[in-house]
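A.B. asks: Put the two chains together into one complex; each comes in its own frame, and the hints tell you how they fit.
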Amino acid sequence: SQQGEEDPQALSIQEGENATMNCSYKTSINNLQWYRQNSGRGLVHLILIRSNEREKHSGRLRVTLDTSKKSSSLLITASRAADTASYFCATDGHPGGGADGLTFGKGTHLIIQP
Amino acid sequence: KAGVTQTPRYLIKTRGQQVTLSCSPISGHRSVSWYQQTPGQGLQFLFEYFSETQRNKGNFPGRFSGRQFSNSRSEMNVSTLELGDSALYLCASSGLISMNTEAFFGQGTRLTVV
Numbered sequence: 001s002q003q004g005e006e007d008p009q010a011l012s013i014q015e016g017e018n019a020t021m022n023c024s025y026k027t028s029i030n031n032l033q034w035y036r037q038n039s040g041r042g043l044v045h046l047i048l049i050r051s052n053e054r055e056k057h058s059g060r061l062r063v064t065l066d067t068s069k070k071s072s073s074l075l076i077t078a079s080r081a082a083d084t085a086s087y088f089c090a091t092d093g094h095p096g097g098g099a100d101g102l103t104f105g106k107g108t109h110l111i112i113q114p
Numbered sequence: 115k116a117g118v119t120q121t122p123r124y125l126i127k128t129r130g131q132q133v134t135l136s137c138s139p140i141s142g143h144r145s146v147s148w149y150q151q152t153p154g155q156g157l158q159f160l161f162e163y164f165s166e167t168q169r170n171k172g173n174f175p176g177r178f179s180g181r182q183f184s185n186s187r188s189e190m191n192v193s194t195l196e197l198g199d200s201a202l203y204l205c206a207s208s209g210l211i212s213m214n215t216e217a218f219f220g221q222g223t224r225l226t227v228v
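Line order of the protein sequences matches chains D and E.
End of the first sequence = 114 in my numbering, gap-free, step of one.
End of the second sequence = 228 in my numbering, gap-free, step of one.
Think of the hints as simulated: they come from the structure by calculation, not from any bench.
Please read these numbers as outputs of a predicted model, since none were measured by experiment.
The C-beta atom is built at its ideal place from N, Cα and C for all residues, glycine as well.
Only true hints are included.
One-sided excerpt, in silico: chain E residues whose CB lies under 7 Å from chain D:
no.	residue
1	S147
2	L157
3	E162
4	N170
Some residues of chain D that are not near chain E, with every Cβ distance over 10 Å (derived):
no.	residue
5	L11
6	I13
7	K56
8	T64
9	S71
10	I111
11	I112
So these bits of chain D aren't anywhere near chain E, every CB distance computed over 12 Å:
no.	residue
12	D7
13	K26
14	T27
15	L61
16	T67
17	D83
18	P114
Okay, chain E solo, but in the shape it has when bound (with noise of 0.2 Å):
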């Protein structure tokens, strides 16, 4: 089975805009979560959706905020880009209600502000 998509794969802003990233997860996973990948910080937790309900949120501001749609599909936003906002972000969808499960993870969009 096709495995979680994430589009675009590569995607450059300017300060300020906004953007907004899609992951189509596996097909029957209703868990997804989405992570900020930068060289200085890691891998960060930036929120979990289950069933279009956002259920975890990590230590993000507002202006990173996300949804699902009924197909289990997620998109996350983020407004008012700024520069540290330069990363990998990657999406993983999971089978199971529980997060204590293996995470299948797409190949990212690699964002880049200007």
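Extracted from the complex, chain D is given alone in its bound form (with noise of 0.2 Å):
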């Protein structure tokens, strides 16, 4: 089952503008990664945040984290074509308990309009 829920599921932006996405999730986790997808290719890796943290920035990306609300936000800033892709959030708690590898959400894809 799902735990990560990224909202909004689509975005589209200019060239250069800011993309903001967002993801919920049910259970206690122990960190959250967001992860990149280009057209049905492999996963890449971006960021990855622990529980005990509440920001994290790496390069163009900011991502923010809040487990009272059990949420988190990926912020990338100056934003250009190369960008177009789906992101995911995943978390390593499990809705049933217990490690059970990456629990990923739907998907935010996100368009970068030249």
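C.D. replies: Structure below.
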């Protein structure tokens, strides 16, 4: 079952604008990760934030985590056409409890208009 | 260093047949996980192997099985293929004992069952 739920499902913005995607999850976690997927290919790891962290930066990426609300956001600043992809959040918790691989949301499809 | 390699990249099989997919993890990585991605269900965890032992298993029928060899390479097998098994199968490797870390994904094997 899907634990993470990304919002919005699709997002289209102009190149140079900022893109914000949100993720909600249901159970307690050790960490939350964001991945990017281009056109049905493999996933590329973007950033990992641990449950005791509130914010993390990596280049043009900024991730926040609010464990009280069980939510995370991914901000991509100064977007580029190459950022067009699907973005997934993944958690290491499982609704049934226990380690059970990464649980992915359904993703946000981001389109950057040149 | 070389990334995660999955073979073959594309596969077409007939209902009722069986299929074996292969994954070579990043050198030195001992954890290999498998995921199924479909438009309807998204990314779902199949199973994870560590040091030749299945450590975790997702909620899939027994037709889905896997194994890991002493060199950490992994194979997954699907028997008695059904149309619904058509999907992108992704393999991920991780360098640490814990699942709570970054996973490196291969490009996937796209399986079509006709």
